[in-house]
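Note that the protein sequences, when read in sequence, are chains A and B.
Going left to right, the first sequence walks through residues 1 to 433 as the numbering used here numbers them.
Going left to right, the second sequence walks through residues 1001 to 1433 as the numbering used here numbers them.
Hints in this document: simulated from the structure, not taken from any laboratory.
Please note: incorrect hints may appear among the correct ones.
Unchecked claim - Across the chosen pairs, the derived CB separations fall in these ranges:
1. A:I172 to B:P1081: 15 to 25 Å
2. A:R332 to B:R1332: 35 to 45 Å
3. A:D170 to B:L1192: 18 to 28 Å
4. A:G265 to B:A1030: 41 to 51 Å
5. A:P32 to B:A1179: 24 to 34 Å
6. B:R1019 to A:H158: 31 to 41 Å
7. A:D176 to B:D1165: 31 to 41 Å
8. B:G1156 to A:D23: 48 to 58 Å
9. A:D170 to B:A1179: 46 to 56 Å
10. B:D1050 to A:D176: 25 to 35 Å
11. A:R19 to B:A1030: 56 to 66 Å
C-beta atoms are modelled at their ideal positions from N, C-alpha and C, and glycine is treated no differently.
2 protein chains.
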Amino acid sequence: MTSTSSAPDGGGARDDGLRALLDGFSECGATPGGGVTRLCGSPADGRARDLFARSVREAGAELRTDAVGNQFGIFRLTGTPGAPLVMMGSHLDSQVRAGRFDGTLGVAAALRVGAALRAEARAGAAFAADFCAVNWTNEEGARFRPSLIGSGAYAGRHAAADALDIRDDDGISLGDALAGIGHRGGDPAPPLPACYLELHVEQGTVLEAAGAVIGLVARNWGAIKIDAAFCGEQAHTGPCPMDLRRDALLAAAYAIADVRTIAEGWPGRVHTSVGRILVAPNSANVVPARVELSVEIRSADDAILGAAGARADAALRDAAARARVDLAVIARTERPIRHLTESVRDLVALVAEEAGYPALSLDTVAGHDALSLLGRCPTGLVFVPSVGGIAHNEAEATTDHDVQAGFAVMLGAARRLCRAGGVPKAAMRGDAR
Amino acid sequence: MTSTSSAPDGGGARDDGLRALLDGFSECGATPGGGVTRLCGSPADGRARDLFARSVREAGAELRTDAVGNQFGIFRLTGTPGAPLVMMGSHLDSQVRAGRFDGTLGVAAALRVGAALRAEARAGAAFAADFCAVNWTNEEGARFRPSLIGSGAYAGRHAAADALDIRDDDGISLGDALAGIGHRGGDPAPPLPACYLELHVEQGTVLEAAGAVIGLVARNWGAIKIDAAFCGEQAHTGPCPMDLRRDALLAAAYAIADVRTIAEGWPGRVHTSVGRILVAPNSANVVPARVELSVEIRSADDAILGAAGARADAALRDAAARARVDLAVIARTERPIRHLTESVRDLVALVAEEAGYPALSLDTVAGHDALSLLGRCPTGLVFVPSVGGIAHNEAEATTDHDVQAGFAVMLGAARRLCRAGGVPKAAMRGDAR
């Protein structure tokens, strides 16, 4: 059933089916530029979800789709009802004109790990935990905001009903979008796993610069995200005197420029951005009445993050005052700096070492579904290199060698975990084979 | 057929049907805030056009809809084939959440003038010109850009085929939008008129400040309009190092702020704005790859306009350089400062004086359909006050008194013109009654 075999380098497993599965996902929402546009709840997302479901069924596993559309493929390895679960996955949704591997690699690898372990179980291998591959809904936050909606709902960070009611910029709810593609489920989600592991592309250049293949995420940067609206007054751009104008887009321009300068206060230690802006009425000859924008501040240092966030708050206020418009803060969230689970890191480091790819410890600046699980169960996040660090871009790429290396490490870790009932410390004591 | 009667003040005509017609148009695309959203080619525009057509037919006039959707109501007053034409009108399309009178007043007044003159002709009055009421397609430039598309096509400033191929931000062509609401016509447009007159709300505060009711536009401000695109590189707002980012929205922010400062170089004599911006991919966690924006520079002084325009060009280049993105100028148009036809102004001044509303000479900062006709035939533009100068805003208003005063002056001028074969100088020598 699986074509897993020993790889020539490092003794890890090479899986030809993984490449085929990745190619299959890449066809869903493929762009002329070689990337994908697979917004959550879109027809392209629906086709990718169909492929996930088909892969689960073909591997003889059980498919469940929960209320917010998270897809779970449960691979029974133990035959014991209520056995602990080892969970692995990521997301299939993407940004507009994004890369093929972002999220998709983690989902595809999880599906192939599940298939491999189930084949081993059928061949007589003994396991003490079942395995679950997962596709989390709306990780990106590109269409529905915020990000991490599916994994956050699963981890109890927000209610499913609230998540389903989130609307895109056209007013369509997540629930309706999922129903529209036939993937709004009603199955009970599996219980929290004994251990959660996620494979993802790095989206940075740390691994490439160090010549490393496997990255072990030690901590994630904290982030402050602010959604704010400037409210001015609609007027004719011709006759309306300049000193009477209350131009919401002018305020936004001041804010965007000032938010950029915040990063210069802590070079390399603070990342700032405004990536999204909604302008009304957005007509060449009308002074904009309302502008909504999304500000992000990221840092690996809590004190710096707090100070930079305060500067962003001040920048928004100052921009409103300068343009004589009103400021409304719609949402302000702080994601603290957190460390991934040490025992899981130790296990992955051991497996990577065994596979011939000594793991490099690094940070993640971006958020990932693993961070939703962190604190709910032992959680690990593993990176493979992004060529040139390119991310959220059609040119994003990871070499086939690195894809296979990542898969080998994930399979090795999952095998040990499933043998050890999902307990990382116990898994370290187990045999590699 | 018409309810025109002598008004108590100034001896002008008061028309109760005008208010009813204005109310009818206001229902098409009415907003909760008391304004209208009637974008060109929308269903609301279609309903307003239906009302225009019904009004023409009920007055016994001939309806023609040309290739770009301009609606003409031809009121035969002479019985002479090929008689000269006196044309009056404006536009029924609107900005988003705009006022009820902008454009609509001029169209409704023209329809009622036509009905009144036709009733007079039926009662035995002798005329030497026929009358035409017109609704020009897409004056606003809100949905399809640029503005003044219908009147520009009629005046031969661009080809109808090119106009029909203009697309909105969703890629829908003007031709398809008009066909979708059943108002893409095939009738021959009437020949150029002997004289064109337009009634419009001022959208400024000059009349109100002077306590005047009738404004006679002497000249229009020149305008430089630039559509430009900043092209950066899509990246993840998290891991991508700040110094590697090529953020198109940051460039736009620099440009918007700098364009605002240009106006400060010539206080009160230069108006600048950026009212429209399109961001791709427009996601909170993606560095924007492409931003398109629309810059306007307006002035009543040619030398100042040129200098301010050059500063805007430089501001765009500087912004691109600072944000390390590329700049592409998509379109750059210059509308020169021009004077409305003196003989038409003299005629309207005489009629206004007779009606008891001495006309105040002023500028128009905004463009109007009359400016498309200017240079093709004797052309006049008449303003009535906007309460508080509010424009392109649901709160835009003109009092019923001022609406009736404007109508009285337009009817008086049209009557004189139609008696005199459409020749303004001859119309001044004619009798008022």
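Structure versus earlier hints, numbers of those that do not hold, lowest first: Going through the list in order, the structure violates hints 1, 3, 6, 9 and respects the others.
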